[in-house]
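Asker: Letter by letter, the chains look like this.
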Amino acid sequence: MPADERDVLERVRAGDIDAVQALFEEHRTRIYRVCLLYTDSPDDAKDVLQETFMRAFRSVGRFRGESSFTTWLTRIAINICLNLRRDRRNLEPLDAERVDDQDMIDHEMPHTPLGNPEQALRMRELRERIMALVGRLPPRERMAFVLKHFEELKIREISVLMKISEGTVKSFLHRAVVTLREGLAGERETNDSAPSVARFPGRRGPGRIS
Amino acid sequence: MSEETRNTRCQELGEDLVLHLYDELSEAERTALDSHLAVCNDCREELRSSRDALQTIDGARINQMATFRLPSWDDLEDELAYSLAPLPLAATPRRFGGMSTMAKAASILLLAGGAFIAGLQWNSIAAAIVQTASTSRMAQPPHPLDGTGAAPLPAVASAGDRMRAFAEQTHGYFQRSRLVLLEFANSDQISDGTMSAASRNLLRETASARRVAGQIHDERIQDLVVTLEEILTRIASNDTDAAERARLRSDVEDLLGRLELTAPPERFAQERSRT
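Keeping their order, the protein sequence lines are chains A and B.
Residue numbers for the first sequence follow my numbering, so the first one is 1 and each next one is one higher.
Residue numbers for the second sequence follow my numbering, so the first one is 211 and each next one is one higher.
It should be emphasised that the hints constitute simulated quantities derived from the structure, not laboratory data.
There's no promise every hint is true.
Sample of chain A residues lacking proximity to chain B, with all beta carbon distances greater than 10 Å (derived) [to be verified]:
1. 4
2. 6
3. 7
4. 64
5. 68
6. 69
7. 75
8. 121
9. 136
10. 185
Here are the simulated distance ranges between beta carbons [stated by the list, open to error]:
11. A:66 to B:449: 41 to 51 Å
12. A:164 to B:283: 27 to 37 Å
13. A:3 to B:252: 49 to 59 Å
Residues from chain B that keep clear of chain A, each with C-beta distances beyond 12 Å, as calculated [claimed, not checked]:
14. 270
15. 395
16. 430
17. 458
Where is the CB? At the ideal position from N, CA and C, for every residue including glycine.
Here chain A stands alone, though its shape is the one from the complex:
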């Protein structure tokens, strides 16, 4: 553990709110991103983020530095996410509380280099369909896919975070990709206006999708 991290954790253990804020600022974006991609609901993601930090601060005394603090914190968030869905699935449809359309438009417009509102609308529809498909994946498959595809983590890292074998991560990913592929293909057959890859070439880093 780096010395400065140890120092911050020591201050958190002593109840120093400034140190807590420092840790929160450092980790909130990454944790929230995973939670939002997993839940597809800003409200849920916010709740999970809050709960993650509450639990972390309450049990920081038990953190012994066997893993990195980042790993430890992310594991807490992942567990909350997985259990959250398990609890809620019986209560409400998975599609509830999805990212609100108008909010998304307001949010994405400044960042979307597509000047054409019609294209932006199609883009949003595509995004919604994809997130709906991702949302129907079983929790662990979905988490593995989020961590792999969106967070771009290595199989080995995902196995550490989810406390499952690398072989299981591979199986989860395979099943997730097959499900998504079939879901997208099924929708394309029933909806000719679905935007194709050629229309919206995605950002891809080197070696991302080879």
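Given the coordinates of chain A, work out where chain B should sit on it, guided by the hints.
Answerer: Relative to the frame of chain A, chain B by itself:
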């Protein structure tokens, strides 16, 4: 290659197709996959459609929304700061486990009065609080707050600022009270006389705590001060009626919950109880 062999091989390499797309195959695995792809139309087709699907997903730029409504510290500070205020004692409620009953009783009385007892093996967390207490009045604990006016807060103070100001200006009144409440809730061994004496000590600070809370203008803190005063008064009265003691115990637990964690999201309550 026979049809059957090919199908078995396809199944074996199914996961490798996806790993290949994520560039997670070793050199040897990739070579093996390439040689299979060279002779297997089905797998080539599967690879192509999987790649298309992932590119479609990439094309939706979902990462762009990944920080959509990212909460700031200000958004969550209320919950986080309040949950943290009594953190030093929240982590290990049974911190007196290794002490004799007499030592517990002595340290509770001293803590409640704002004094410091040397030689106890506090962990670093508890030490911070005891240190706070020690700065109040070593020899004469009675009213650590008397004569100290509240330091001015910034015009727009956050919940954390207010909590900090309250803790500083009351020398950890909540934290020390919480210790007494915890022992009350947890222990059947300490005599009622000890608990009520500790509560009476704390009650001597109540007026000052109320004044500080009033100056800080925080309804939640004010409400906690009032509730705490009522609970301490009931503990101090040492009522032996069984029904009242049961109610008191339940109220103490409620208050401990509020001091530890104010209003956790309801949906997590069930899960929390499992962990």
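Asker: Next step is simple, just say for each hint if it's right about the structure.
Answerer: Here is how each hint holds up against the structure:
1. 4: holds, 18 Å
2. 6: The claim holds: residue 6 of chain A sits with its nearest Cβ about 12 Å from chain B, beyond 10 Å.
3. 7: Consistent with the label, residue 7 of chain A stays out of reach of chain B, its closest Cβ about 13 Å off (over 10 Å).
4. 64: With a cut-off of 10 Å, residue 64 of chain A remains clear of chain B, as the shortest Cβ separation is near 14 Å.
5. 68: The claim holds: residue 68 of chain A sits with its nearest Cβ about 21 Å from chain B, beyond 10 Å.
6. 69: Given that every Cβ of chain B is farther than 10 Å from that of residue 69 of chain A, nearest at about 16 Å, it holds.
7. 75: holds, 13 Å
8. 121: Since the minimum Cβ distance to chain B is about 13 Å, residue 121 of chain A lies beyond 10 Å and the statement holds.
9. 136: holds, 14 Å
10. 185: violated, 7 Å
11. A:66 to B:449: 41 to 51 Å: At 48 Å between Cβs, range holds.
12. A:164 to B:283: 27 to 37 Å: holds, 33 Å
13. A:3 to B:252: 49 to 59 Å: holds, 55 Å
14. 270: violated, 4 Å
15. 395: holds, 17 Å
16. 430: At about 15 Å from chain A, residue 430 of chain B clears the 12 Å cut-off, so the statement holds.
17. 458: Check passes; 26 Å lies beyond 12 Å.
Hint compliance for this structure: hints 10 and 14 are not met, and every other hint is.
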